[in-house]
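Participant: Per our numbering, the very first residue in the sequence shown carries number 1; after that it's consecutive.
It should be emphasised that the hints constitute simulated quantities derived from the structure, not laboratory data. All of these numbers come straight from a predicted model, not from anything done at the bench. Heads up, the beta-carbon is just placed ideally off N, CA and C, and yes, glycines get one too. Take these hints with a grain of salt, some might be off.
Beta-carbon label-pair distances, calculated as ranges [claimed, not checked]:
#1 S68 / G28: 13 to 23 Å
#2 Q96 / D56: 20 to 30 Å
#3 V92 / G67: 38 to 48 Å
#4 T98 / G63: 33 to 43 Å
#5 P30 / G67: 23 to 33 Å
#6 Q29 / S68: 11 to 21 Å
#7 H95 / A70: 29 to 39 Å
#8 D41 / G82: 37 to 47 Å
#9 G82 / R45: 14 to 24 Å
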Amino acid sequence: MKGSSSIVVWLGVALVAAAACGGSQTAGQPAAPVVITGPNDFVMRDVRKDAARRLDCQVPDVGAIVGSWAGAEGNVTAYGCGNEINYYLRCVTSHQCTISATD
Numbered sequence: 001m002k003g004s005s006s007i008v009v010w011l012g013v014a015l016v017a018a019a020a021c022g023g024s025q026t027a028g029q030p031a032a033p034v035v036i037t038g039p040n041d042f043v044m045r046d047v048r049k050d051a052a053r054r055l056d057c058q059v060p061d062v063g064a065i066v067g068s069w070a071g072a073e074g075n076v077t078a079y080g081c082g083n084e085i086n087y088y089l090r091c092v093t094s095h096q097c098t099i100s101a102t103d
């Protein structure tokens, strides 16, 4: 009887270990990227660089602020040299976004 109870315990431990290692992802598939609250500083730098070219300003003279943002997309307004330009960003991650000028 003592031997059968130890087999049941080992079987229970094996099932718990297998469940812990299983996970919900299929092997070989990358995890879905998570977008934090908005674009990071590197994306904002790219927006300011593009805006500087369009506004005929130098990059240090251009600022950018995040406007309305929902999930992985939203609006950014860049301003400088007395003008402003609006951008629409759609992000895969907080550091990888497509930038489209809307003006």
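Participant: Each hint: holds or not?
Facilitator: Here's how the hints hold up against the structure:
{"no.": "1", "hint": "S68 / G28: 13 to 23 Å", "verdict": "violated, 37 Å"}
{"no.": "2", "hint": "Q96 / D56: 20 to 30 Å", "verdict": "holds, 28 Å"}
{"no.": "3", "hint": "V92 / G67: 38 to 48 Å", "verdict": "violated, 20 Å"}
{"no.": "4", "hint": "T98 / G63: 33 to 43 Å", "verdict": "violated, 21 Å"}
{"no.": "5", "hint": "P30 / G67: 23 to 33 Å", "verdict": "holds, 31 Å"}
{"no.": "6", "hint": "Q29 / S68: 11 to 21 Å", "verdict": "violated, 32 Å"}
{"no.": "7", "hint": "H95 / A70: 29 to 39 Å", "verdict": "violated, 19 Å"}
{"no.": "8", "hint": "D41 / G82: 37 to 47 Å", "verdict": "violated, 25 Å"}
{"no.": "9", "hint": "G82 / R45: 14 to 24 Å", "verdict": "holds, 21 Å"}
Figure legend: structure checked against the earlier numbered hints; hints not met, in rising order: 1, 3, 4, 6, 7, 8.
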